[in-house]
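K.L.:
Since the structure of chain E is provided, determine the placement of chain S on it from the hints.
Sequence lines, in order, name chains E and S.
Start counting the first sequence at 1; every next residue gets the next number (our numbering).
Start counting the second sequence at 1; every next residue gets the next number (our numbering).
Chain E stretches covered by chain S per the calculated footprint, using a threshold of three residues with CB under 8 Å from any CB of chain S:
| hint | stretch |
| --- | --- |
| 1 | 143-152 |
| 2 | 188-194 |
| 3 | 282-293 |
Just the calculated beta-carbon pair ranges, DEER-fashion:
| hint | chain 1 | residue 1 | chain 2 | residue 2 | range |
| --- | --- | --- | --- | --- | --- |
| 4 | E | Gly299 | S | Ala102 | 17 to 23 Å |
| 5 | E | Asp386 | S | Arg95 | 51 to 57 Å |
| 6 | E | Pro445 | S | Pro387 | 44 to 50 Å |
| 7 | E | Asp352 | S | Asp423 | 55 to 61 Å |
| 8 | S | Arg296 | E | Arg304 | 38 to 44 Å |
| 9 | S | Ala102 | E | Ala20 | 53 to 59 Å |
| 10 | E | Asp262 | S | Gln441 | 54 to 60 Å |
| 11 | S | Arg21 | E | Asp352 | 55 to 61 Å |
| 12 | E | Glu431 | S | Gln301 | 55 to 61 Å |
| 13 | S | Ser361 | E | His101 | 33 to 39 Å |
The set of hints was computed from the structure by calculation and includes no laboratory data.
Idealized CB from N, CA, C, for every residue including glycine.
Protein chains: 2
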Amino acid sequence: MTVETAMHRLREHFGGSFSARSADIDCHSQDESYFPRCPPDGVVYPNSTRDVVDCVRICADELCPVIPWGAGTSLEGHALAMTGGVTLDMSRMDRVLRVNHADLHVVVQPGITRKALAMELRDTGLFFPVDPGADATIGGMAATRASGTTAVRYGTLRDNVLALEVVLANGTVIRTGSSARKSASGYDLTALFVGSEGTLGIMTELTLRLYGQPESIRAASCAFNSVKDCVDAVITIIQLGIPIARLELVDATMIRGFRRWDSDFNMPEIPHLFMEFHGSPTATDEDVRQVEKITRDSGGQGFRWASRAEDRKTLWHVRHNAYYAAKALRPDCRVMTTDVCVPISRLAEAIDITLRELDSSPLAGPIVGHVGDGNFHITLLVDDTDPNEIARAKGIANRINDRALELGGTMTGEHGIGAGKLDFMRKEHGESWDVMAMIKQTLDPDNILNPGKVVRIANDGRPFPALPSSARSHDNRSV
Amino acid sequence: MTVETAMHRLREHFGGSFSARSADIDCHSQDESYFPRCPPDGVVYPNSTRDVVDCVRICADELCPVIPWGAGTSLEGHALAMTGGVTLDMSRMDRVLRVNHADLHVVVQPGITRKALAMELRDTGLFFPVDPGADATIGGMAATRASGTTAVRYGTLRDNVLALEVVLANGTVIRTGSSARKSASGYDLTALFVGSEGTLGIMTELTLRLYGQPESIRAASCAFNSVKDCVDAVITIIQLGIPIARLELVDATMIRGFRRWDSDFNMPEIPHLFMEFHGSPTATDEDVRQVEKITRDSGGQGFRWASRAEDRKTLWHVRHNAYYAAKALRPDCRVMTTDVCVPISRLAEAIDITLRELDSSPLAGPIVGHVGDGNFHITLLVDDTDPNEIARAKGIANRINDRALELGGTMTGEHGIGAGKLDFMRKEHGESWDVMAMIKQTLDPDNILNPGKVVRIANDGRPFPALPSSARSHDNRSV
Numbered sequence: 001m002t003v004e005t006a007m008h009r010l011r012e013h014f015g016g017s018f019s020a021r022s023a024d025i026d027c028h029s030q031d032e033s034y035f036p037r038c039p040p041d042g043v044v045y046p047n048s049t050r051d052v053v054d055c056v057r058i059c060a061d062e063l064c065p066v067i068p069w070g071a072g073t074s075l076e077g078h079a080l081a082m083t084g085g086v087t088l089d090m091s092r093m094d095r096v097l098r099v100n101h102a103d104l105h106v107v108v109q110p111g112i113t114r115k116a117l118a119m120e121l122r123d124t125g126l127f128f129p130v131d132p133g134a135d136a137t138i139g140g141m142a143a144t145r146a147s148g149t150t151a152v153r154y155g156t157l158r159d160n161v162l163a164l165e166v167v168l169a170n171g172t173v174i175r176t177g178s179s180a181r182k183s184a185s186g187y188d189l190t191a192l193f194v195g196s197e198g199t200l201g202i203m204t205e206l207t208l209r210l211y212g213q214p215e216s217i218r219a220a221s222c223a224f225n226s227v228k229d230c231v232d233a234v235i236t237i238i239q240l241g242i243p244i245a246r247l248e249l250v251d252a253t254m255i256r257g258f259r260r261w262d263s264d265f266n267m268p269e270i271p272h273l274f275m276e277f278h279g280s281p282t283a284t285d286e287d288v289r290q291v292e293k294i295t296r297d298s299g300g301q302g303f304r305w306a307s308r309a310e311d312r313k314t315l316w317h318v319r320h321n322a323y324y325a326a327k328a329l330r331p332d333c334r335v336m337t338t339d340v341c342v343p344i345s346r347l348a349e350a351i352d353i354t355l356r357e358l359d360s361s362p363l364a365g366p367i368v369g370h371v372g373d374g375n376f377h378i379t380l381l382v383d384d385t386d387p388n389e390i391a392r393a394k395g396i397a398n399r400i401n402d403r404a405l406e407l408g409g410t411m412t413g414e415h416g417i418g419a420g421k422l423d424f425m426r427k428e429h430g431e432s433w434d435v436m437a438m439i440k441q442t443l444d445p446d447n448i449l450n451p452g453k454v455v456r457i458a459n460d461g462r463p464f465p466a467l468p469s470s471a472r473s474h475d476n477r478s479v
Numbered sequence: 001m002t003v004e005t006a007m008h009r010l011r012e013h014f015g016g017s018f019s020a021r022s023a024d025i026d027c028h029s030q031d032e033s034y035f036p037r038c039p040p041d042g043v044v045y046p047n048s049t050r051d052v053v054d055c056v057r058i059c060a061d062e063l064c065p066v067i068p069w070g071a072g073t074s075l076e077g078h079a080l081a082m083t084g085g086v087t088l089d090m091s092r093m094d095r096v097l098r099v100n101h102a103d104l105h106v107v108v109q110p111g112i113t114r115k116a117l118a119m120e121l122r123d124t125g126l127f128f129p130v131d132p133g134a135d136a137t138i139g140g141m142a143a144t145r146a147s148g149t150t151a152v153r154y155g156t157l158r159d160n161v162l163a164l165e166v167v168l169a170n171g172t173v174i175r176t177g178s179s180a181r182k183s184a185s186g187y188d189l190t191a192l193f194v195g196s197e198g199t200l201g202i203m204t205e206l207t208l209r210l211y212g213q214p215e216s217i218r219a220a221s222c223a224f225n226s227v228k229d230c231v232d233a234v235i236t237i238i239q240l241g242i243p244i245a246r247l248e249l250v251d252a253t254m255i256r257g258f259r260r261w262d263s264d265f266n267m268p269e270i271p272h273l274f275m276e277f278h279g280s281p282t283a284t285d286e287d288v289r290q291v292e293k294i295t296r297d298s299g300g301q302g303f304r305w306a307s308r309a310e311d312r313k314t315l316w317h318v319r320h321n322a323y324y325a326a327k328a329l330r331p332d333c334r335v336m337t338t339d340v341c342v343p344i345s346r347l348a349e350a351i352d353i354t355l356r357e358l359d360s361s362p363l364a365g366p367i368v369g370h371v372g373d374g375n376f377h378i379t380l381l382v383d384d385t386d387p388n389e390i391a392r393a394k395g396i397a398n399r400i401n402d403r404a405l406e407l408g409g410t411m412t413g414e415h416g417i418g419a420g421k422l423d424f425m426r427k428e429h430g431e432s433w434d435v436m437a438m439i440k441q442t443l444d445p446d447n448i449l450n451p452g453k454v455v456r457i458a459n460d461g462r463p464f465p466a467l468p469s470s471a472r473s474h475d476n477r478s479v
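This is chain E alone, in the form it adopts within the complex:
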């Protein structure tokens, strides 16, 4: 029962779908987080649920860790082989199995990316709304309970996965949920696996909710003199229940980053809201009218429309590339990202204290946020050769997390725990964290599924090495 034997057996079984070549190992050693390289012992590229079952069974026999890999865009080390083992690269399981127009859902394999799914759906009149910055896989997004700019209207992966096929740690294949829109039938295993980060089972098929393309889409930006004014407008919009589809905060520093990154981008360097409205022409007209009034009352400087599809695309293109834009402000820096989410009434407070802290720090930290959800990110720009800077940035990030918990929120709205946020789990969840560990130990008693993520448990004589302290910081390419 060794990892070596596992690799031997996997090679025998999978032939060309197994690799221990350095090229394959290398590109699965690092995700978009700041963790040091964690090379797996081998990589399996399954083509089917059967392949996943076979791989898991061999690894269960040999007590070898199995780490599912999507697009490698995790921001918290989710897909790293912290203790070696085999990386299960899901990229070949990337098909759309069925589009069900009548029921507004689609069945996909986990390896399809969100952009590839959008392409597949482009002629159907339907769309899947969830859009993290990265072109992540749907499996990875479900595993981390991801969201993006549209969650304020359409929800997160929690709200948009109807059913799953999952391979358990012993190789059993189960199905959770159904194609019905609701159910009261037993424990909600779908919700349990969504957000479990590959630690309870490996998703091999997902049924996702789709939505009709809105008849009218209108996007706009609005400038404000202060972040506080922006946030005041956001709070009113949300409290009035206006069904806005996107509501994003971009602060002055981030606008400066956008301008450096894209020379055609010419918004003034003051805080902005980026917005989008979906609905019938009448409904979007009404939403726009209401939101225009609210932004005016909060000191907004009038809407700047992006009515053509092309202009809309530019707006959201820069927003989705905030990571690169932030880096443009300090080339060669590393980015450390926070991801707190607070109740909407505490959003102004949470951002305000953070801004004051950033003001009194030499570090730059542009802010972007899915503020309609109460979720915002500080992208701290750090010289990672300077231990003082790293310590300072970590101090800021930790205080932001602490504050979010004090305000009744969570330290992660959408990026997940991975290995990067374990230190805050006890503080956020108290004894609920033990319940998570109990569930993990029940479903994966040998701790072979993505060990070292979400929960901390004894690993049957396979102790996790202490992470080097540099492994606690972050380098995130999409925030």
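P.N.:
Just chain S now, kept in the frame of chain E:
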């Protein structure tokens, strides 16, 4: 370690908040299901989370079953003491702890009923939308993942519980979720407890989402010549994504029941849709226009408006009392209810086959349904002194359940499993049912929390008695 010792200790500990008087035992022996009386050995009326902890600890010591009790309106025997033990009547824990206007949520104790909560919220401009027929407690509704007439727009309890306080089987108190609108922080324990029917823990505090009272509410009914025409209209409304707030099917037989039950009710005895629209005046105008056209195209006979609050109330009052109205068709009968939910594209098929089956049966079975969700109920009217009729009704119910599963749906959209639907769990969930049992055994290894519900597991030497066959049928007062 006996139930007798447990009762003795509970009486000592709780004094007047414990009772083994026959009046208290009697009224906790039967819910609204058709199960035979199951008297608990005693009843505890907790006043606080502390009381729940103390009760659970004593029962854990003595291996005594603890069965949480809300309003006793379960349709599947959820709250019955199948193997004796103590009933934990939550009715004294019925307070609203905090209304948070700014964040649109409310923190309540589990024993408050949905109508009492509505009263508490009436001057706030906010409301909690979920409305099962019965005036159930919020704790009971969360435990069964209940829904009602508004789920088509506002979702079920799954979508509307943000956070929980839960007492586990060993007396540990945990908190799940947060007040933030979304989170990617670890396993979704809130979703795991919602719908777990008191088998994994006892909810002692719930944070619920609230919604702003819509500016405009418009209700209407529309008559059709056939159920098929009704359902065709429903399918189109849902597929177009019209945000209708209520969309209920009532068949001709049920209309006849309404007329018998309420002599002022004078709709023609043909199938109807009952509808409600929420939004701004402009938005509801637009929704109404669209839906009117759709119903016309499907052979609908024009809207009959219930624009005054009073008329609306009447419409939903009869709908919520469908159980009594059904019984009015055959006084002294028993009611056996089905609760399937199918993908919307299969709704016409599911109802059509069922109708043909009912037509060829001597049994009456009025139909009502939250058809916007794909969820419908057949209220079979049965003479329970006639074994042939009971067998016939069960045959119909079983075939309806089987068909729902074949069509990709679930056998229960909102009533839950309890003890009544255990026989269909394996068929619906396959090996996922074993995963549910594993979770149950982990969180409640001695099986003291509501034993005999949702899952079937060995009970540490305390085998469940086989249910008498009559216990498989149903008598539901609110459907």
